[in-house]
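Trainee: Here is how the chains run, residue by residue.
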Amino acid sequence: MIRTAPNPAPSLRALHAAAAIAAIALAPLAASAESSSSPNTAKSAPDSPFAKYLRTPIQDEFNEDVLAGDVGEPRRGGIVRMRTKVDFQEMNPITVTGQPERVVLNHASDALVDRDVSTYEEFPALAWHWRTADTLKPADGELQIGRIVSRDDAAGTITFVPGAWTAAYAQFDIANLDELTHGEIGTVRLRDGLEAKTTTGRIRLMPNTVVVDGVADPAFADATVTYKFTDLAVWKDEVSKSDRPFIKPYCAFEFAIRDGVTWHDGQPFTAEDVKFTYDVILNPYVDAAHLRNYYQDMQTSEVIDDGKGIRVVWGRPYFEVLSFVAGARHWLPKHVFNPEQFGGDDKAFGDSFNKHPFREKPVLTGPYKFKEWRKGQSLSLERNEDYWASKLPDGAVVNWRKQQPYLDGLTWVIIGDNNTAVRELEKQALDGDDGVEQDIWFSDATNTDSFKNTMTRLQNLGFGYVYIGWNLMNPIFKDKETRHALSMLVPAEEIAQRLHFGLAKPVSGPLYINGPGYDPSVEPAKYDPDKAKRLLRKAGWADRDKDGILEKNIDGVETPFRFSYMIHTAKDYHSKMADIVKERIGQAGIDVTISKLDWTIFSDTVRDKKFDAVRFAWSNTLDPDPYQIFHSSQIENRGDNFVSFRNARVDELCEKLREEFNPEKRWEMAREIHRIIAEEQPYCFLFAFYETYFFHRNLQGIKVYPSMYPTNLNEWYWAKEPPPGAMTDTWKASTAALAAPTHGKGG
Amino acid sequence: MLNYLIKRLLLMGVTLFGITLITFVATRLTPGDPAAAGIQPGSSGRGAQAVGYEDLVEQNRRNLGLDKPLLINTNFEDREFAAERAIDDLFKSQPMWQKIGEKTLARTNTIALKAALDRYPLIGTPQEPLPKDSRGRNMKARPVEERKAVLASWFPKLALETNLGQGLAPDASYEFWSAWYEANKARYGEERVEQVVQAYLSGSAPLDEVRTAGGFAVPALIAALGNERTSRLANDGLSAITTFNFLTNPDSWDAERSRILERWRSYYSREQVRYSTYGPVRHGLNILLNTQYGIWVKQTVTFDFGESYREKRPVREMIAERLPISFSLSVASIIFSYLLSIPIGIFSAVKRYSAPDRVITVILFLLYSLPSFWVATMLILTTTGGPNFPELFPTRGLNSPEFVDSDWTLDMLRDRIWHMVLPVTVLTYGSLAFISRQMRSAMLETIKQDFVRTAQAKGLAEHVVIFKHALRNSLIPIITISAGILPELIAGAIIVESIFTIRGMGTLTLDSIVNRDYPVINAVLFFSALLTLLGILVADILYAVVDPRISYE
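In order, the protein sequences belong to chains F and C. Numbering follows the numbering used here, with no gaps: position 193 of the first sequence is 193. Numbering follows the numbering used here, with no gaps: position 296 of the second sequence is 296.
Take these hints with a grain of salt, some might be off.
Taking lysine-lysine and the DSS-like style, the derived pairs with C-alpha atoms no more than 25 Å apart in a straight line are [as the list claims (entries may be wrong)]:
id, chain 1, residue 1, chain 2, residue 2
1, C, Lys132, F, Lys355
2, C, Lys99, F, Lys347
3, C, Lys103, F, Lys347
4, F, Lys275, C, Lys99
5, F, Lys355, C, Lys7
6, C, Lys99, C, Lys68
7, C, Lys148, F, Lys347
8, F, Lys85, C, Lys68
9, C, Lys99, F, Lys355
10, C, Lys68, F, Lys347
11, C, Lys468, F, Lys609
12, F, Lys361, C, Lys312
13, C, Lys99, C, Lys148
14, C, Lys312, F, Lys137
15, C, Lys103, F, Lys355
Since the hints were derived computationally from the structure, they do not count as laboratory data.
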């Protein structure tokens, strides 16, 4: 039994009524207008700094119907049945570790502060407003929250405004948006009833949000305090083993929780739930080690403003902190778990939490809620009719419109076998597959006319990249020229063509190829055996004993150029590539042996650094942070820098980059890291893969974003008649309601 | 016969024990750490800075009981051991460990005081035992000065005397508290603790008196929880000592009593080791029992395979769900292969070297050499519909969606059989060739025997000779094979179940191995071993039934 949701805040209710009139008309919407349909978008919002790196999301460009202008209108109804390869492990958003599970959960949950995938800008979601500040600790006093105004290194002083914050609001919530000018000081007035507080400061107009830097508030003019460096506590950075001076920028956060948000069981969502979630993650007995990692620097979290807000203080400046603290979609309903009964017994709570039935049927806040999970068969979500964002007017929440989500339900069908999946797609018993294997993509079955007439085929360049890592602890890989020569002996382009059918793009460095950290002026290594041989000679390699294998005198020892190339057995093409690598490198007089290992053993061996050369792959993020893979602190403790790459400048840049809050400056550092790493060649960088998808042709609204989660089913709709298994009464009704004549069956 | 059966059953027990040892050793020797399974460092390119990957794995190991030695545990795990381990945790440089150590120390308090005082003078000396992980590797420790300062700061908290000895430097604090401990250690004596607790429970001593005994009083207080008269007092005492408060509202004791008692019991049964000390007998037993293998054997003997690391539910439940599914497939496949292969075998033996026999032989050899994954894929491609092929059978599962939760009705049964056709075919065709070849050669063997010639010479009809005299004798080798078929079907089911998306034992085996889910692997292997042994036993009994010459007296 689902309780009806409590009414939204009074002012929102008024807006709601006003917008209801518009909703009846249901005017046809051009797909391109979707992200900016807010009724009062600021007139001169400057572009997000990410804009030039964000390719416009692919918008049905793969679909001939779309190209012909035959897109159909968003309409509600129908379900979508997606294929997934293995059964889901669990659905508790805190303990789950898999990517497929996250994709499902993303459609059933919300973030406090979300990111607009088309601008990469943060905007308020479950928190309707948030603010950030710096922290400072006097040598003999309490931690203070406020903003730094200026710093005078010559005089050794810092000027600080206690209590000042930088606040962010959704543009929609600002009543006097027209009066605000970018870069000037102004006072933000909120829509009636939203909390009648005003904030003054320097205004920054963003496409979705307005940021107010409170330091510029005249009210703070007299409140500034000047500290001498010597009076401030120095913070010790455990990781880089250095003393950091005095302040931690952007380490305090406050979030105001939106009224009227309810869990799927009808209970209100509160700041207590957020606090509870933080506590659960930090409980050492909860199976969330993978998340706990990110939250180790959380110093305090407390509920403020009578349960309407939450304040978090972080221990280390890092540009990603906001996305850790508020960007995740994993909030837990405290009332379901009833933590009080455990009286502080962490272990008892952890044990109970880890196996709570919540892991099979979670109660969340998102646009879809859990309906049924048939183990080994399928998992279904159904539309949450009480979804909070759908009760707000269009534009109140970025990228969300009242009639969303369009689909009545989402089903993931578990089909392990690739051929079975193709068969189900052909029979229209499946509506999409977002993890199509390369050989299936090129198989005859998926290239017939009848298949292409029912399914659209789409490819998208993925975030990850494939490489061969050289173990730099091995003396034969010690010098740079040898590594460059090896890279020139691996025919990346040819492998991409022959083994991956061209579904791979050569890269020159470790960062996302279309992202801001990738320096396009660095060329990927070209296959050039002659040049490679010259380089090898230069590096001191020569076949002195005429046995066909090069030798070099390394530290007084005549060492033959011989190494093992390690791969894992998950995919067929790994061995095929290994054969090519062995042959081509072998032609230059280097003896390569291939060693194949099962994945778990493989990853253990890599972590123990017991390899010479290894084929591996990393995933990336749009906003680059190479620390984890290339900082020298990550060599020890079985860290991810398992090739033992050590470069003082890269270390310095990796550390600085994490604490740089200006994206342009941060990316300049990332590009420098890219150049240094390309020059040092600790890896032979190979290529990034294209991901391939099949979708039913009658589905529209599909976009593919440069993100870890490239698709968002909340935007999809059946523009033409769905196949019988995906048809619902809602679709028939909404189609009848549309004045436009219905289209016949696709194809 | 009965004697033989009993002997066989006893031998089965011993064999199973041997199998558990082998599977245990095999699983532990395979590379790949199950404690690391849930932790995926580095897949997203960020994080993993404040906590090392190894720390998280180590913590997981502890949570899963994988920190215990494999076969022999010479750590006498009792309260002293627990106190020392908590101090170790406190000394690790990761805040995560420090917090775990702090919580343990706060709960056991006085018990750890002696360990802390003993440890302090060692800090910074070569004799100091530095924190190690469960594989004996050193872990990152806090600097010497910090270790001294933090341990010194715990002395008053461990003695539960926060008013004493404040404001002292670490070394001075150590002096002060060792002197204090010498003067006051009588209060931790067993008899005196017992007296104080009894006095408190009978109302003649205040709560503060019990608090002075601290963690030492916990076992006695737990014992007193059971008595209705003293349970409230015991609860208050425990809360004061351990800092847990399970009572949400001071006035609602009666309402919450049973729940609170349950909480204390579960806490104590789990953490008993922190409060108890054992006699030599118990220690002796623990050398063998308090090990990973000890726990493994205990689970096997009680048929309680513990909880799956991955699914967090009892393994027994998972097996109970999956076994009937695989079993129905296997039984159907066995029945069909025998029903078909015995007549085929007889036919080819009787008509040996004739054209039909040769054709059958070729076909059977072809079938036998086709890999089942290929046949399964071909069947899916050609018989499950699509643009060029007829839709004869479903592609996956054991039931259509509408029948998944249905009761056993005729429609449901029909649907089930329709779904089972392809998987059973794939499971059957291989053994079909194998068994019918066996049948053929056994039949040929028998036909050459003198008694068959005698029967033929007597002028008996051919079918009487074959079916009455030869058949029964030639069945014996076929029965031997049947013992091997059961476990083989489970192995074959791994492929078939994966391809047809059936949730049986095969997919369970595969998943558990891939995920290093030890409890499940243990259970699955145990069950296959059990099935194999049962198969052999049944075959032995059938021998006697089929062949009157064989008896087990």
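Trainee: Is Lys99/C within 25 Å of Lys347/F, Cα to Cα?
Mentor: holds (13 Å)
Trainee: Given the proposed pairing of Lys99/C with Lys148/C, does the C-alpha separation stay at or below 25 Å?
Mentor: holds (17 Å)
Trainee: Run the distance test for Lys85/F versus Lys68/C: straight-line Cα separation, threshold 25 Å.
Mentor: violated (36 Å)
Trainee: Verify the proposed pairing of Lys468/C with Lys609/F, using a straight-line Cα cut of 25 Å.
Mentor: Distance ~69 Å between Lys468/C and Lys609/F Cα, so the pair is violated.
Trainee: Would you mind confirming whether the straight-line C-alpha gap from Lys361/F to Lys312/C stays at or under 25 Å?
Mentor: Holds. Lys361/F to Lys312/C sits at ~14 Å (cutoff 25 Å).
Trainee: So if I understand the rule, the pair passes when the alpha-carbon distance is 25 Å or less; does Lys275/F with Lys99/C pass?
Mentor: holds (19 Å)
Trainee: Starting from Lys132/C, check that the Cα of Lys355/F is at most 25 Å away, please.
Mentor: With Cα atoms ~30 Å apart, Lys132/C and Lys355/F exceed 25 Å; violated.
Trainee: Under the criterion that the straight-line Cα-Cα distance not exceed 25 Å, is the pair Lys103/C, Lys347/F satisfied?
Mentor: holds (11 Å)
Trainee: Is the hinted pair Lys68/C and Lys347/F satisfied, with a Cα-Cα distance of at most 25 Å?
Mentor: Cα-Cα ~18 Å, so holds.
Trainee: Are Lys355/F and Lys7/C close enough, with their CA atoms no more than 25 Å apart?
Mentor: violated (43 Å)
Trainee: For the pair we were handed, Lys99/C and Lys355/F, check the Cα-Cα distance against 25 Å.
Mentor: At roughly 24 Å apart (the allowed maximum being 25 Å), Lys355/F and Lys99/C satisfy the hint.
Trainee: Just to be careful, I want the Cα atoms of Lys103/C and Lys355/F compared with a cutoff of 25 Å; is the pair within it?
Mentor: holds (23 Å)
Violated hints for the displayed structure, listed by number in ascending order: 1, 5, 7, 8, 11 and 14.
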